[in-house]
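Chain B: place on chain A using the hints.
First to last, the sequence lines map onto chains A and B.
Residue numbering for the first sequence is 1 to 311, as defined by the numbering used here.
Residue numbering for the second sequence is 1 to 311, as defined by the numbering used here.
Honestly, I wouldn't trust all of these hints.
Remember, identical chains collapse to one label, so a pair may be satisfied in a single copy or spanning two.
Here are the simulated lysine to aspartate or glutamate pairs, EDC-like style, with alpha carbons at most 16 Å apart [unchecked claim]:
(1) K245 <-> D270
(2) K131 <-> D296
(3) K91 <-> D66
(4) K91 <-> E7
(5) K91 <-> E116
(6) K212 <-> E290
(7) K245 <-> D42
(8) K162 <-> E3
(9) K245 <-> E165
(10) K162 <-> E7
(11) K212 <-> D154
(12) K162 <-> D175
In short, the hints are calculated from the structure, not lab data.
These numbers come from a predicted model, not from an experiment.
2 protein chains.
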Amino acid sequence: MSEPLFEKVALVGIGLIGSSLARVIRRNNLAGHIAISTRSPDTLKRAEELGLGDSYATDAAHAARDADLVIVSVPVGASEAVAKQIAPALKEGAILTDVGSTKTSVITQMQPHVPEGVHFIPGHPLAGTEKSGPDAGFAELFENRWCIFTPLPDTDPDALEKLSEFWRRCGANIDTMDAAHHDMTLAIVSHLPHIIAYNIVGTADDLQTVTKSEVIKYSASGFRDFTRLAASDPTMWRDVCLHNKDAILEMLARFSEDLASLQRAIRWGDGEKLFDLFTRTRAVRRSIIEAGQEVDAPNFGRQAVEHPAKS
Amino acid sequence: MSEPLFEKVALVGIGLIGSSLARVIRRNNLAGHIAISTRSPDTLKRAEELGLGDSYATDAAHAARDADLVIVSVPVGASEAVAKQIAPALKEGAILTDVGSTKTSVITQMQPHVPEGVHFIPGHPLAGTEKSGPDAGFAELFENRWCIFTPLPDTDPDALEKLSEFWRRCGANIDTMDAAHHDMTLAIVSHLPHIIAYNIVGTADDLQTVTKSEVIKYSASGFRDFTRLAASDPTMWRDVCLHNKDAILEMLARFSEDLASLQRAIRWGDGEKLFDLFTRTRAVRRSIIEAGQEVDAPNFGRQAVEHPAKS
Chain A
1 MSEPLFEKVA LVGIGLIGSS LARVIRRNNL AGHIAISTRS PDTLKRAEEL
51 GLGDSYATDA AHAARDADLV IVSVPVGASE AVAKQIAPAL KEGAILTDVG
101 STKTSVITQM QPHVPEGVHF IPGHPLAGTE KSGPDAGFAE LFENRWCIFT
151 PLPDTDPDAL EKLSEFWRRC GANIDTMDAA HHDMTLAIVS HLPHIIAYNI
201 VGTADDLQTV TKSEVIKYSA SGFRDFTRLA ASDPTMWRDV CLHNKDAILE
251 MLARFSEDLA SLQRAIRWGD GEKLFDLFTR TRAVRRSIIE AGQEVDAPNF
301 GRQAVEHPAK S
Chain B
1 MSEPLFEKVA LVGIGLIGSS LARVIRRNNL AGHIAISTRS PDTLKRAEEL
51 GLGDSYATDA AHAARDADLV IVSVPVGASE AVAKQIAPAL KEGAILTDVG
101 STKTSVITQM QPHVPEGVHF IPGHPLAGTE KSGPDAGFAE LFENRWCIFT
151 PLPDTDPDAL EKLSEFWRRC GANIDTMDAA HHDMTLAIVS HLPHIIAYNI
201 VGTADDLQTV TKSEVIKYSA SGFRDFTRLA ASDPTMWRDV CLHNKDAILE
251 MLARFSEDLA SLQRAIRWGD GEKLFDLFTR TRAVRRSIIE AGQEVDAPNF
301 GRQAVEHPAK S
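With the rest of the complex left out, here is chain A (with noise of 0.2 Å):
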């Protein structure tokens, strides 16, 4: 086991993230001390009794105190809260991210608080599933996905490289690319597919011809897979839409204006069109699953989780 990275590590938020976070610090070694703080008494309580950290705090300013590296994992309308509450406490020398979904947001809501001699890097790991808690995290969750960065143009290239030793220690890949280019990037990749599930889960919800239950039932046809993202965190994604709105809004344009087309061409039976479009989307999941971001078993390998025995 290699000596650990940062003497002491804050986590600020105890959810999905933080709370893997918590476990793969302490795998592998990565922090001499891990100071968790949530604002809910009852999530604080409950990261204790997992034993994910080695101190614990509602108020974030006294887990951050001190503290070497301190990641805020919250939703992402939270930021400049945390970023206030934080400052007074950072240390000089101290490393400041985050891992938001947004990054032009969290960059203007923390980077005015952020105290001289702070490092702030803003940050994003791509990982995550539809569950939320201290009680959803894992160590595995970061393994071989990305961890992007948006450095800010001061930023330090010494405690860029050390915050990347630690999200490759965790597992992760390492990417940087500009916060706008970030925020356009994710709209397509993610906000907008989230954004997509939860709609069509609300339109299958409200229908009256067919029933609720019927539209549970046969949801194996295909529905059941849009109910895994609109399954995510409220809060987050509420925050997410909020501040990522423009580049949101482009992206849920284009789409619409595709779904016109694609649905004249059913209207007017052109099934040529429809074949071309199958056929090409056919090929973008091949290239997922050869660049090792996808599993390549059917139907996510639900399979193998049913009938663990057979496969």
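For chain B alone, kept in the frame of chain A given last:
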């Protein structure tokens, strides 16, 4: 092992569904003889290499001759051609069924060609994966999935019961409803999800501000889920779109209406409306898991496939 239910079963079409049927019929001893037919000599050869049946023919009529049960598993657009071809070979008292995803169209296509004395019972097992062809099938595909029959007014109850027993022994649960209700129900639980998935993958594939390699690298943040349905068989899905047009257009209209409303909430920063929808949809997945139609494991249980030792 109980007695075979049928002396001879003919499988017309040996793709994912047909070949899964072949495997479960063999495993559960449901037929004395399995006759396999497909138009493509290469596919037929592959079925023979896999040992899926007892006899093989490119001519569907040859397979259907003397069969007690004929199961047509072809893209729905090919239903009429198959019905015409096999009609003269069908024996008195035989049960003829199909597995097509649209029922009104299949009935319109096949019913006029069914000879007197043959029991035509349209059916649809709600089961599948994104894979196609005879290699993709597996005997467990229908376990705890629903098989819907849309019997005609003059359907013989004994024949329906016998076919139901067959599907139950394949592992399925049975429901019956009229064809129009089936088509409306499937439009929302299956056809719309596939169309939306194809569309979003197409939209992402067309982007130039975000590169294709970025879409693929970062797909684990949500997008990859949609690529599964969008990797489904293009011919099958072209035919579904062309043969359930009215119900699909109705569901697309509802979906687009809801999406416009959601988009407006994003534009105007209506966080409460977003939070309410995102909370309501979360409950739907819970119901599907409780109904045994989905695994409870996070990320569809991909973790179990990627890290079998740890899960």
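Comparing the hints with the structure gives:
1. K245 <-> D270: between (34 Å within a copy, 11 Å between copies)
2. K131 <-> D296: between (23 Å within a copy, 10 Å between copies)
3. K91 <-> D66: Cα proximity of K91 and D66: one copy only (6 Å, versus 85 Å across).
4. K91 <-> E7: within (13 Å within a copy, 81 Å between copies)
5. K91 <-> E116: within (10 Å within a copy, 88 Å between copies)
6. K212 <-> E290: Classified as between; 14 Å across copies, 38 Å inside a copy.
7. K245 <-> D42: neither (32 Å within a copy, 51 Å between copies)
8. K162 <-> E3: Within one copy, since 14 Å is at most 16 Å while 69 Å is not.
9. K245 <-> E165: neither (32 Å within a copy, 54 Å between copies)
10. K162 <-> E7: Within. Shortest intra-copy distance 13 Å satisfies the 16 Å Cα cut-off; inter-copy 71 Å does not.
11. K212 <-> D154: Classified as neither; 54 Å inside a copy, 30 Å across copies.
12. K162 <-> D175: For K162 and D175, the Cα distance is within 16 Å only inside one copy (14 Å; across copies 60 Å).
In this structure, the earlier hints numbered 7, 9, 11 are contradicted, and the remaining ones agree with it.
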